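Student: Sequence:
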Amino acid sequence: MNVNAHVICFCCDAESRVWRPLFDKAGITLTSVTMAEMGDKQRLEDVRKTIVDLVTGSSRSVVLFNHFTMDMQVEEYFRTLPKETISVPIGGEAILLGCGTAESAHVEAINKYLHYSGDENVRSAGEYIRKHLLGDERILHVDPPVEKAFDGIYCFNSGTVYTSLVQYLAKSKDFATYVGIFFHRNNLVRDDLASTKKLAEQLEAKDVGVIPVFTGSNTDEPRFSEIVDTYFTLHGRLKIEALVNLQLWAIKAEEGRSVAEQYVFEFERMGIPIICPIQSHFITAQQWRELPVPISADMSGAYIAPEMAGMIEPIIISVRGENGKAEALPERIEYLANRIARLVRLRTKHNGEKKIVIMLHNSVCAGVEATIGKAFGLDAFESVVGILTRLEAEGYQTGEYPETGEALRELFMEKKAFSDFRWTAVEDIVNSGGCLYKMPVAGEYDRYYAELPDELQQYMEKTWGEPPGEGMALDESLIITGLNFGNITVMVQPKRGCYGAKCTGEVCKILHDPACPPPHQYLATYRYIEHILNADVCIDIGTHGSVENLPGKSNGLSGLCWPNIVMGSIPSFYIYNAGVTNESPLVKRRMNAVIIDHLPPPSMGADENTRQLVRKIEEYFTAKSMGNGQDKEAEIDICALLSIIPAAERIMSRADGFEQGLYEVSGAVKVAEEAMKISTPHVFGKIPNEEEVERFIMEVYRGDGLEYDTDSPDAQNIREGLMRTDNEMKMLIRGLSGGYIPAGEGGMPDENGKNILPTGRNMFGLNTDKVPTKTAYARGKLLAIQLLESYQKDEGRLPESVAMNMISLNITRTNGEQLSQFLYLLGVVPVWDGLERVTGLRV
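Numbering (the numbering used here), first residue to last: 1 to 843.
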């Protein structure tokens, strides 16, 4: 019997791309209906008509796959299909729906093929369907399912799966240090390992061994802790110095913890850096190269969820390729491997041998006195002395260093150990002792410069001239400035750019210029840090540096993006104000820094309208980066607030574009709040005194709109959290030793003061107390109304019940639009306080 077989498959898009060529080899035409298409009534009706035609036709029969990703609406849909339709449920959830018509023996057999998966099994499943369900007499034999391991250690060279670490190490090359790679079984059985294998090769080329472990991450798989103990641990000791986690959803919540809390719990137990590269399933290589904001649909999995778990190094290593498989990005993989090798070095190198750069920040257009050591809410110089003191106690070679922050500041001024284009002659800097290194252009800087892509060289020369340019250059050399204290070098971040004597006196616009490259001396400074000094790590002191604002993509950076070019392979720790949540993602996503957040000192604060404006600006930029469409609503709210805040409106009117104006307004508010501080700036790692503790508690109570009560349980909990502020220094020291830094919420004392304690964590911006936001609720309400109107139009009545498949990533991507849709259908509205925190629900 000659059968022209046609299978209609309800599945996810990735599976349809993988199955299509394999079913084709089995002589089956595959039509797929994805999860997204299940909501398209016209698409479903067209598919139903196709099934009717196939069933009633003389030349072809049909098998309908019912995948586990479908919900209960499938049952109703199946009732409209001809009774002759052969349907096979795939997966336990689909089987429980009771929609299948095929005999149970056939359902079991086909599920076995697809459960073990792999090209040969999927192809055999197609042949089984032709032979046993469609009666194709030409197929005499179908191979039984090839059983494949569901977890183990995979050797890329031999293709062997090992069930113990002892076995794997006995058969592989011996390395002094190892890194774990944790990937999904589907990548193995589908032979979709191009980027993973390439990363392993790059690491081994840098003399870092790799232990590649896979699991299926299903509920019946081993727990993450068991995987760690079985495959990454040898004789009771963790064998790996870092873990590349390509299995984002492998950890399940346990013992009352949220998923994010469970991640932090598991990773703290390991105590090593957890690296989470980006593998985009939505964009192609061409789209990634061309788009200024390539990571949009991937945002939750690429950034939000990993950041909440304290995972680091969000470097894109693969994009969507053909046939459902990932396409590796070799240049990005090499970049990641170089950074991982440096992180491993932090764990294995003795403290006394480590070289550290401590980077102070500066402002753009200001005199020297007002420039160096700029840090919002932080006493930068005193914090540096505190760090030097602690480093000395930990065995680092610190040499002789000033005893106070003021003495350190005076030493910088005395030696003129800073970069300047306008206020100080470079000859004076050299003669005063502020020069660390003279980098000759010929034979040295030109070598680094030649490594830049041609188009970036052209940009630099167009803006700053040929090397060495006009700034910080002397005798055809570029002058690198700073102070040495043993193996610790304290520097002031080089000027992001300055027109020097040519400056018109207008506010400098280069900080956020999307195209203006840094000057030659800027690049030379960071090449000195990485290659000449050979620093093991760079510590940025204080919020608002310039690397994270350099030109390039907003996320998913490439080799043409200046933040990656400047930082190179240097691990970075960024001491950052916990209250500045809107700009902190740039630090993590554009320069791959680990944040160590510090306590934001309480202030009198701006008026409520101004604070609301700042919150809406944060919401606007978050929405833009997420691509969730909420930026339009935020823009409307911003314009309404600007109309009642004259000072902000004036700043916007002078700005070069809407978004540039928002940056300038937000910065102006921070400057104004800094001037209103009623306590001294925070010193990193220092526990606040009793007066500062009381002010902080008062700020929290003021934000909550409550009477101040020093004896309440809340006040006591806040006090206990403040008494652990030395956690900041502990976490920095842990990071310098290559340890894991736990994640934590950010926010100002009056809006999230209880949840930011203790500080010293790798801060993320999502504030769960604000979910859903007002914007998200408005959009969710609209979605609910549209749902009801659509149903009423089709059925002539309102639905009696509604089932919703709640997707947790909706919270991180849209701040709770789907949750809001559910709440509206339930008949309740969130109650928000003045800071837009959800305090309850009202009917």
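Just so you know, not all the hints are guaranteed correct.
With a cut-off of at most 25 angstroms between alpha-carbon atoms, the simulated BS3-like pairs for lysine-lysine come out as follows [to be verified]:
(1) Lys-41 to Lys-83
(2) Lys-131 to Lys-171
(3) Lys-624 to Lys-781
None of these hints come from the bench; they were simulated from the model. As the structure is a computational prediction, the values presented were derived from the model and not from experiment.
Student: Now tell me if each hint is right for this structure.
Tutor: Now for the hints, and whether the structure bears them out:
no., hint, in the structure
1, Lys-41 to Lys-83, "holds, 21 angstroms"
2, Lys-131 to Lys-171, "violated, 42 angstroms"
3, Lys-624 to Lys-781, "holds, 21 angstroms"
The structure fails to meet hint 2 from the earlier list, while all remaining hints are met.
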